[in-house]
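Novice: The lines below spell out each chain.
Protein chains: 2
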Amino acid sequence: MSTPDPGLLSLNTATVRKQWSLAQAIAGCARHCIRGISPWRHQLHEMGIEAAVHAIKGHDLTVTGLCRGGLFPAADAAGRYAAIEENLRAINEAHALRAQCLVLVAGGLPKGSKDVAGAREQVREGIAAILPHARNAGVPLAIEPLHPMYAADRACINTLAQALDLCDALDPHNEGGLGVALDVYHVWWDPQLASQIKRAGKTRLLAFHICDWLVPTRDLLNDRGMMGDGVIDLPRIRSWMEQAGYTGLHEVEIFSKLDWWQRDADEVLEACKERHQQFC
Amino acid sequence: MSTPDPGLLSLNTATVRKQWSLAQAIAGCARHCIRGISPWRHQLHEMGIEAAVHAIKGHDLTVTGLCRGGLFPAADAAGRYAAIEENLRAINEAHALRAQCLVLVAGGLPKGSKDVAGAREQVREGIAAILPHARNAGVPLAIEPLHPMYAADRACINTLAQALDLCDALDPHNEGGLGVALDVYHVWWDPQLASQIKRAGKTRLLAFHICDWLVPTRDLLNDRGMMGDGVIDLPRIRSWMEQAGYTGLHEVEIFSKLDWWQRDADEVLEACKERHQQFC
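One line per chain: the protein sequences are E and V, in this order. Residues in the first sequence are numbered consecutively from 0, following numbering that gives the first Met the number 0. Residues in the second sequence are numbered consecutively from 0, following numbering that gives the first Met the number 0.
Treat the hints as calculated values from the structure; they're not laboratory data. Heads up, a few of these hints could be off.
No distinction is drawn between identical chains; accordingly, a pair holds when it is met within one copy or between any pair of copies.
[Said to hold, decoys possible] Below, in silico cross-link-like pairs of lysine to any residue (SDA-like), each with a Cα-Cα straight-line distance of 25 Å or less:
| id | residue 1 | residue 2 |
| --- | --- | --- |
| 1 | 113 | 220 |
| 2 | 56 | 222 |
| 3 | 113 | 239 |
| 4 | 113 | 193 |
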């Protein structure tokens with residue numbers, strides 16, 4: 000594999016969320032010549048959407064995604080309705096930001112439920128309910144399969160095949176506006192990864208998130224590694240993405256309570272850039 | 000679902016490994032009228048194989064499996080050869096115990112490797128190398144797919160479909176002696192679970208391990224729940240097993256540093272019996 004184009008790097012702001020506000024992350028990306036950014040909604044609300052749009056436009060950053068929509072399953076109809084309303088607002092925000100997609104994290108089991116098949120059906124219904132508005136707004140919806148260790152409490156969509164089955168069910172003619180966000184952390188282990196990336200193809204591959212899987216992993220949620228520090232064969236996965244037609248950015252998303260959130264944020268951004276060149 | 004036959008309960012000795020030796024666990028099962036047991040090899044070596052065989056026979060316990068063989072991938076040929084030799088010894092021990100199967104935990108990535116496909120190939124070669132001896136000894140080999148969160152460091156076989164593909168590759172005519180151990184902890188999240196259990200069928204379903212998935216899970220390795228304390232729909236999975244023809248025992252295997260390993264072992268066995276009746 001050739002070294003990736005440094006211009007393809009994007010920063011998911013969660014990577015420095017303990018150190019920086021969104022305004023600081025935007026300025027940081029500009030200062031470090033990182034051309035893409037992917038903010039989280041709570042940070043966006045803190046900064047104010049107009050201010051964020053202005054700052055992002057001012058630095059000419061590409062918004063590789065807005066995190067996040069989804070979280071559809073709920074114990075009752077009111078909860079499901081509230082989730083859909085929240086997703087419609089997220090679509091509007093993604094539109095305002097000109098985000099390349101709204102990332103959908105499906106949601107897990109409603110409290111007290113053991114019905115994972117039922118939760119998956121609620122996710123299907125939820126995405127079906129918001130897809131027309133997303134298409135009108137020109138905001139592609141990117142279903143992100145999450146690692147199976149999050150199936151109970153975060154997302155019951157857990158493999159790329161399953162996410163693509165959902166896309167096929169809701170968009171049988173591949174009309175666009177619906178696809179997947181592929182995060183290596185969640186899918187690197189999947190024996191079907193290469194074949195499912197190929198199946199997804201250019202129109203369904205909406206985002207590519209990078210980090211690494213540490214051995215040992217000390218925390219289920221917040222112990223992701225910087226590229227190169229773990230076991231994921233990033234160049235190989237990138238090659239599968241590119242062979243399938245993906246030409247988008249490479250978004251670094253690292254939750255790291257014990258390491259990277261403890262460091263100076265400028266140092267983290269420098270590491271992202273170096274590691275992207277060395278290990279991706 | 001009807002309540003399970005209490006005579007189908009088996010104890011994987013890991014469930015009380017902090018409290019009891021194998022000799023104590025054998026006596027404990029007899030005292031609590033638990034008719035099956037599944038020991039670990041290091042405990043077996045501590046007790047001595049002859050003594051264990053004698054005690055197990057004396058109490059007329061069914062050995063639902065021996066834990067464990069596998070761990071095939073290695074950085075060099077010497078390491079791979081040593082792993083195969085170790086597995087041949089494990090087969091002999093399983094034979095001596097009249098174990099219903101030898102459980103195979105595949106093994107993860109060799110140190111320094113990022114080649115998960117290569118590790119999987121080494122697992123295939125390893126099982127191919129030991130299968131003739133296992134068949135001669137009358138010891139079925141049960142490949143246990145482990146949760147994807149263990150793909151790097153414990154087992155690179157991570158779904159039931161993948162384990163069955165391996166069975167089909169190594170035993171294309173389903174001649175027996177090769178199958179899977181299904182542990183709900185590892186596979187409960189899998190959207191293909193029902194269809195793959197059906198695919199496995201009676202001849203490939205060699206063991207059924209039960210416990211529960213806690214929310215939150217505080218430790219990747221040693222925070223399994225007692226049946227009923229988590230989100231796994233155990234009666235549903237048991238019904239799929241039974242519909243596929245499985246008539247074997249239900250083996251409780253709980254690694255629980257923070258809870259069950261802290262309790263009196265007799266209390267743990269009572270809980271296993273009660274929860275088996277209530278929640279399985």
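Novice: Evaluate each hint against the coordinates.
Specialist: We went through each hint and held it up to the structure:
1. Both within a single protomer and between protomers do residue 113 and residue 220 lie at most 25 Å apart by alpha-carbon distance, with minima of 21 Å and 22 Å respectively.
2. Taking the closest pair of Cα atoms, residue 56 and residue 222 never come within 25 Å of each other, the shortest separation being 32 Å inside a single copy and 47 Å across copies.
3. Proximity of residue 113 and residue 239 under a CA criterion of 25 Å is satisfied inter-copy only: 16 Å between copies versus 35 Å inside one chain copy.
4. Proximity of residue 113 and residue 193 under a CA criterion of 25 Å is satisfied inter-copy only: 15 Å between copies versus 31 Å inside one chain copy.
Violated hint for the displayed structure: number 2, the only one.
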